[in-house]
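> Modelling step: build the complete structure from the supplied sequences, incorporating the hints.
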Amino acid sequence: MSQSKWNKPIKQYETKIKKYDTEIKELSLKQKNLTKRLRGLKRLESGNNIHLIRGEKYDRLKILWLGKGYWFHLPKPKGDEGVVDDGVVSKITSKFMDDILSGKI
Numbered sequence: 224m225s226q227s228k229w230n231k232p233i234k235q236y237e238t239k240i241k242k243y244d245t246e247i248k249e250l251s252l253k254q255k256n257l258t259k260r261l262r263g264l265k266r267l268e269s270g271n272n273i274h275l276i277r278g279e280k281y282d283r284l285k286i287l288w289l290g291k292g293y294w295f296h297l298p299k300p301k302g303d304e305g306v307v308d309d310g311v312v313s314k315i316t317s318k319f320m321d322d323i324l325s326g327k328i
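Residue 224 is where the sequence shown starts when you use the working numbering, and the numbers rise one by one after that.
Just so you know, not all the hints are guaranteed correct.
With a straight-line cut-off of 35 Å between C-alpha atoms, the simulated DSBU-like cross-links for lysine-lysine are [claimed, not checked]:
(1) K291 to K255
(2) K318 to K291
(3) K255 to K280
(4) K280 to K265
(5) K259 to K242
(6) K239 to K228
In short, the hints are calculated from the structure, not lab data.
These numbers were taken from a predicted model, which means no experiment stands behind them.
If you want it as structure tokens, here you go:
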């Protein structure tokens, strides 16, 4: 029997398999990135990657996102012994998370 009549279908299967292999690799990389972002969002939501650093002139808010630190300067209020309002911190944090979800960051 001649094997040449099967060479073409076999090569078609090989090309399809190669195509699916590359597609699987791309999708698994995308899944890895998305799970990393989800984990980071959950940590932000729970407050684990949010740090308030107190200074003499002003306070700073540091948000860690995917291995990078984002700094926000908070003016020190005159009254209340210079205590930063939690509402300001929550506004900045919620806006930062909105920017992440919208794709700006």
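> Has the given pair, K280 with K265, been kept, meaning a C-alpha gap of at most 35 Å?
32 Å, holds
> Is the straight-line distance between the alpha-carbon of K259 and that of K242 35 Å or less?
With Cα atoms ~26 Å apart, K259 and K242 stay inside 35 Å; holds.
> Verify the proposed pairing of K291 with K255, using a straight-line Cα cut of 35 Å.
18 Å, holds
> Holds or violated: K318 and K291, Cα atoms, limit 35 Å.
Roughly 17 Å separates the two Cα atoms, so the pair holds.
> Next pair to validate is K255 with K280; report whether the Cα-Cα distance is within 35 Å.
Cα-Cα ~42 Å, so violated.
> Does K239 pair with K228 here, judged by a C-alpha cut-off of 35 Å?
At roughly 18 Å apart (the allowed maximum being 35 Å), K228 and K239 satisfy the hint.
Hint 3 from the list above is the single one not met by this structure.
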